[in-house]
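Using the sequences and the accompanying hints, generate a full structural model.
Residue strings, one per chain:
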Amino acid sequence: MGIVYEDQRVYCNDIVTVEEAEGLLDWLQRHPKAEVDLTACQHLHAANLQVLMAVNPAIAAWPEDAEFSLWLKSALGEPAD
Amino acid sequence: MKMTPLLSQFLLESRDFLDEIGTKLIALESEPDSNDLMNELFRLVHTLKGNSGLFDVPAMTRVLHAGEDLMDAVRNARLSYSQELADQLLATIDFVAVLLSDIEQTGEISSERTEPAEVLVRNLRQLIPAPSPDELDADADEPSFDPTTIPLPELSTVPETARMEAFRRSVMGSELFLIAYRPEAECFFKGEDPFYQVRQLPGLVWGHTQAREPWPPLLELDCYRCNLDFHLLAASTRSEVDEHFRYTPEQAHIQALSAFALVIPQGQSNGGPVYADFVDEALKLLHAGDVQGLADASRVMLELSAPGLWLSSALRWLQLIIEVAPEERTLLERLITSLTSSSTAELTDWAAQTHVPTPTDTAVTESEPATRLSDIDQQRLTEILAVQSEILALSESTDGLPGRLQACAATIAACLANLGEPAAELDEALAAALELNSAQPLAEWLAALREGMAPVATTAPAPTSAAATPPATAPAPAFERRSSPAMEPEAKFGRRAEDNVSGKVLKVDQTKIDRLMNLIGEMIVAKNALPYLAKRAEDEFGTRELGREIKTQYAVINRIAEEMQDSIMQVRMMPVSFVFQRFPRLVRDISRKLGKQVELVLEGEDTEADKNVIEALADPLIHIVRNSLDHGLEVPEVRQASGKPPTGQLRIRASQESDRVMIEISDDGGGINPTIIKRKAYEKGVLDEAQLERITDQEAVQLVFAARFSTVDEITDLSGRGVGMDVVRTAIDKVGGSIDLHSQVGEGTTIRLSLPLSMAVTHVMVFTSDGQNFAVPMDRVVETIRMPVTDIRTIKRSKTLSRRGKIIPLMAINELLAIPAEPQLNSAGEFTALVVRIDHQPVALMVDEFRGVMDVILKPLPGELARLKCYAGAALLGDGSVLIVLNPKELIEWA
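Protein chains in written order, with numbering that gives the first Met the number 0: chain A, 0 to 80; chain E, 0 to 894.
Don't read these hints as lab results, they were simulated from the structure.
Every residue gets a Cβ at the ideal spot worked out from N, C-alpha and C, and that includes glycine.
Misleading hints may appear alongside valid ones.
To be verified - Taking beta-carbon pairs under 10 Å as the criterion, some of the chain E residues facing chain A (in silico):
1) Ala210
2) Trp214
3) Cys222
Shown next as structure tokens:
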């Protein structure tokens, strides 16, 4: 599953592997207004994480996994709840 | 290990690598400053080492690793290329070759190899110089080396909830660790996922990641360079945490933490006097031991306060401590008192002095050091100090002395801090050293310090032995680790480059090519049947039209078949450099052993010939080169005495002349003395007295090819075993080549080899005798003659001919083959003879009639017949008949 790109939204599902990082970076650059949906995401490879951190896109939904969600929120600059 | 395709591929490739490494090493001897060569060499060894890592061959990997490190030292100009170094590296590749054959034969490396491998590794490592302090200094910034330089996060940045959770777990018996994990930039290429790694940390309470460097503009962002730092708070045990970071200990700064350090109330500090009452009240309750009352009071207080206030935060902590650690009265008291000032100052002071309230009692904070050092830490410190002494004892000639001194001082200062000793004296020593521009004052001070430490240390034997043994070896492993990140990118490029190549070059099993070769051979034979068919169509069936069409078709098929044959031959062609490439090493080794100076000149290395020819050439050439080095070229003193330059020259030149490869090996040595040869030949019974008188000098020189002829009396391990040149001649003969030797005393010797380009197609002269077809290879044929019978002279019952003033022996082929028929004469009463050359002597063979020259695919005779040396083989003709090809040399000698 990994990453699913839609018009202006990218879904990160399950586990996003290292191979996806380059594509993700590229896509996010070409879609600066895109939102990222992390609902079904369980893990992002660190390379993807740093892509998200560098691009800092709008996050449409945080992961369902609470612990993982905390990690991402702290990394992506969202205040922890 | 089972022989898998992967393993056999590895063996195959490794041999190629070894060959190439050997070549590069020799090339480096002549241009030791070439960075390109060194880098290439390093890349080769690095790749080979990497490949070996795929298999369970630790001995090989270790040896190659040591070699790689040594080359890295050369590459980084820490060490200059030397003969000694080359010797060690060559020994390394020889050893690896032995290991490879071990694997090839038995599937594993024999256990006997472990010991030599270790010796080799030690030898290699010994050559690697300790990293200079300059480099130590330079690398000090590199976080991957010393994890304690990775900055730890401020505890106050950790959310209160996480700190509280950690506090709880600490009271439950866990140790607390604050960890700063800085994965190296290249870690993604090693298959690491640092994010996953940290998420899996046992007892993780809190984690945060942030960019190490500010993010570059997106266009420049390399998402595969890790730019993340991870900050973690874990409640676990030391061993678990260490275990978790065991692969990258240099990337994680792990610090044990006191639970009290976590008690940092945070928030808006707009507290007022309204709390003063509460503080009084609370302290009273506390002193009265009414913990429950205190809890109630603080809960009420907390409900009244806005949650974002500093005071609320402090109250939450108060509640937590009452709940989980009510016995910590002092802490509670401090916390309550701090409410009046809304400041953590008192708390933190206090936390710094207090002992960690964990039952295990092992956690250590930086602020309470000396006495708490574990034995292992103590030992490590001693080692570090020992290394500093080593560094200070290094020669002072280098420019980087001040940097080196400061680096040492900084290291020592860090050690002292951990030992709880003052560093003032150190600063004085450093200042003195810098002023004098000498390591002396610092070294002396350090020596005194280390002396003072030894008895203090609780573990008596460890520090002394540690200080005594590691100095020589200690810097090496450190260097090893640090160098690895630097070399990684290079290796990756290398691998990518090879990927590209693999698309263009195909490695094919030779048997497949041979099969193609056989098939095209059959094709040519089948094709050759067409002209016969055309002839029959015309002659027997009288249809000229059909005959002509068959001929047209034949022309087309002929062209295609010939092109096919040509391309297949091209596939089998190899450059002579395949054989030549071993000579630089061979010449180098032998000349060093003999104490001679030899310059090897190789020419025409790209001349190509059939693989079989090239392979057959290898051994004879080595023999010849050894002979030249051993007997031909003189030692420098002798050369100078005879007015030659001290360095001898050995020239090997390959060239192509029509369909033959010529190889010329010449030296400018002493040449072969015909007088000595003659005497030896006489002594060994190769010549009788009459021959001794008659023989010319050039002829005498050819005697070195006679069987069991050796001019050197003592047997060396190089040549002179009496199995030299005759073996060479036999081997060259076998592939249809010839050998020619020319020597001039005092000026040198030249040996010329002439070999067929390909052995697939043989040029033969076909003739008939008693109605049967026979052939001899064209390279034996000198001429064909027709002479009147009356010209035959009989000398001592042997028939001879006189030809251009020379007497040639004459033999009838029928007689030699035991065919009961007389040679036929033509109508003019003349006989027909084929003159062939055998060992430079012409011999005439009486035959019936010539049929012309033909290209045939020569096949060895099958089975037992193959042992009949008088037949070179057989070929199938277009009309389906078998042509026997004779080997005139064997035939005549056999007769």
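message: Given tryptophan 214(E) as an interface hint, is its Cβ closer than 10 Å to any Cβ of chain A?
response: Since chain A brings a Cβ to about 4 Å from tryptophan 214(E), closer than 10 Å, the hint holds.
- request: Return the status of the interface hint for alanine 210(E): holds when the least beta-carbon distance to chain A is below 10 Å, violated otherwise.
  value: The hint holds - alanine 210(E) has a Cβ within 10 Å of chain A, the shortest such distance being about 6 Å.
field: Satisfaction of the cysteine 222(E) interface hint, Cβ to chain A closer than 10 Å
entry: 4 Å, holds
In terms of the numbered hints stated before, the structure departs from none.
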